[in-house]
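With the hints as constraints, model all of the structure from the sequences given.
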Amino acid sequence: MNFEGILAQFAAGALALALAPLLVGWVNQCRAWLQNRSAPPLLQPFRTLHKLFWKESIIAHGATPMYRVSPYVVFSCMLLASMIIPTLSTNLPLAPAADAIALVGLFALARLFISLAAMDIGTAFGTMGARREMLIGFLAEPAFLMVLFTASLISHSTSLATIVASLSQRELTILPSLAFAGIAFTMVSLAENARIPVDNPATHLELTMIHEALVLEYSGRHLALLEWAAALKLFAYSCAGIALFFPWGIARANDHAALLWALPVLLAKLAAGGFALAVIETILAKMRIFRVPEFLATAFLLGVLALLVHLLLGA
Amino acid sequence: MAPLATQFVNLFAAGLLLIAFAMLSQRRIVTLINLFALQGMALVCSTATVAYATGQSHLYWSAAITLVLKVMLLPYILHRLIRRLNVKWDIETLINIPTMMLVGIALVVFAFNLALPISEFSRSIARGTLGIALACVLMSFLMMITRSKAVPQVIGFLSMENGLFFAATSATYGMPMVVELGIALDVLVGMVILGVFLFQIREQFDSLDIHHLEKLKDE
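Line by line, the protein sequences give chains A and B.
Per our numbering, the first sequence starts with residue 51, numbered consecutively.
Per our numbering, the second sequence starts with residue 9, numbered consecutively.
Hints are computed from structural coordinates only; laboratory data are not their basis.
We put the beta carbon where it would ideally sit given N, CA and C, even for glycine.
Among these hints, one or two may not hold up.
[Stated by the list, open to error] Computed Cβ-Cβ distance ranges for the label pairs, DEER-style:
#, chain 1, residue 1, chain 2, residue 2, range
1, B, Pro106, A, Ile108, 39 to 45 Å
2, A, Asn86, B, Lys223, 54 to 60 Å
3, A, Leu84, B, Glu222, 35 to 41 Å
4, B, Asn104, A, Ala252, 46 to 52 Å
5, B, Asp214, A, Arg338, 30 to 36 Å
6, B, Pro106, A, His254, 28 to 34 Å
7, A, Ala252, B, Lys96, 33 to 39 Å
[As the list claims (entries may be wrong)] Far from chain A by the CB rule (all over 12 Å, computed), these chain B residues:
#, residue
8, Phe16
9, Met49
10, His66
11, Glu100
12, Glu169
13, Asp194
14, Met199
15, Val204
The structure is reproduced here in structure tokens:
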């Protein structure tokens, strides 16, 4: 661990904090364009966060300390997750501390805390949202793990930095296994980030909402932290997708010239990914909650197929 | 690193496997027929790739036969059939998709294990794909077992033939031309007979649900 590495690590964290709300703003803007609405400004998520941070946060009677602690735990989980995924450079001192499996664990920890906090208050919406979140989580997690295992098998390591380094270095070959894993990953990230086929992010008071039901009782700075954490989660998933499937342009350790290029490349990829997400959200309709297990079973199937195809064909 | 032709054959093989799963879990009959045509197309592409890579001209012919028969003619007959049987928008309601997929995965693992020692003996550029061909055959079996309507069963039967054809191409660069022509004719005639048979089933039972065939009639 050297000074440069620590600097890169902090830069990655700061970048994640700054880019995550921007990514959400970009997705909202693209979606508005595609749906012929006038778009909210790109910086709208920052304004919302600013507004929420200055508001008083009201806590229900009978809330345990769990309820107060949860936003901070969720936020730090998401920040840590986006710091261990290589975004600009693979030279990350934190990376050996947590590999791809620990990344899934971090997401699971955040999910556990937010669900417990939602049930803590005892409102019907919170409990219902927590149950749905857990249902989706427990179906999406194995699929996500299968995707990560496929990438790990190809690059012989579960460390994210090593995976990115070896995937970006190899010659251009057609890998059907990675294509399957890519589709599975897209489905998992749609489900995990409460996006359209599974949950509607624009809804605010509906019986079908999941993410909004969880944070319904929060206000003020707690809500701001949770919203920021949700943006960070989207950012972390986008970066994981970029790292696994489009790793070109991420700088290797001690490569300063590439580091300069890495930021514009990352921005371009995120912009393209956000636009793709907006397109998916525009052309798909929200599905019934009881169809979600089928959707995620398909993702799991694709993940397992990717693994099997890699083992059989070596590709 | 594998040569480019092998990479393409692997890609088409993976596509075939994916389509087999899609067919297994598809409820709508129309989409099922389209998937069957798509499966034929993947087969044509992989056969043509093998033919190009190895310079075996008879494989071009079998690719052409597949194209005409399985991508154009059979889907056309099936489309006409379901239109005349009036089951175009039928939906099979009694299939549990997640369970089917898990059984399908188990079949794939079984087929891959079974094919691994066999493909060691083959010198073909596409020997790795034998397991996928076997898995396609087994999954078509599963489809025929689990479906209760007659038309999806016929499609399962036809897609099983696709799997067998793919196995032949991947393991030994295809069967002799006479055999291939014979099978093609068999499938066509079988399709015609099954079509007549479907009309007879509907005449007798007013439905295409083959569970009616299990009851004995006391007449």
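Now the hints, each set against the structure:
no., hint, result
1, Pro106(B) to Ile108(A): 39 to 45 Å, "holds, 42 Å"
2, Asn86(A) to Lys223(B): 54 to 60 Å, "holds, 57 Å"
3, Leu84(A) to Glu222(B): 35 to 41 Å, "violated, 52 Å"
4, Asn104(B) to Ala252(A): 46 to 52 Å, "violated, 33 Å"
5, Asp214(B) to Arg338(A): 30 to 36 Å, "holds, 32 Å"
6, Pro106(B) to His254(A): 28 to 34 Å, "holds, 31 Å"
7, Ala252(A) to Lys96(B): 33 to 39 Å, "holds, 36 Å"
8, Phe16, "violated, 7 Å"
9, Met49, "holds, 16 Å"
10, His66, "holds, 26 Å"
11, Glu100, "holds, 14 Å"
12, Glu169, "holds, 22 Å"
13, Asp194, "holds, 30 Å"
14, Met199, "holds, 30 Å"
15, Val204, "holds, 36 Å"
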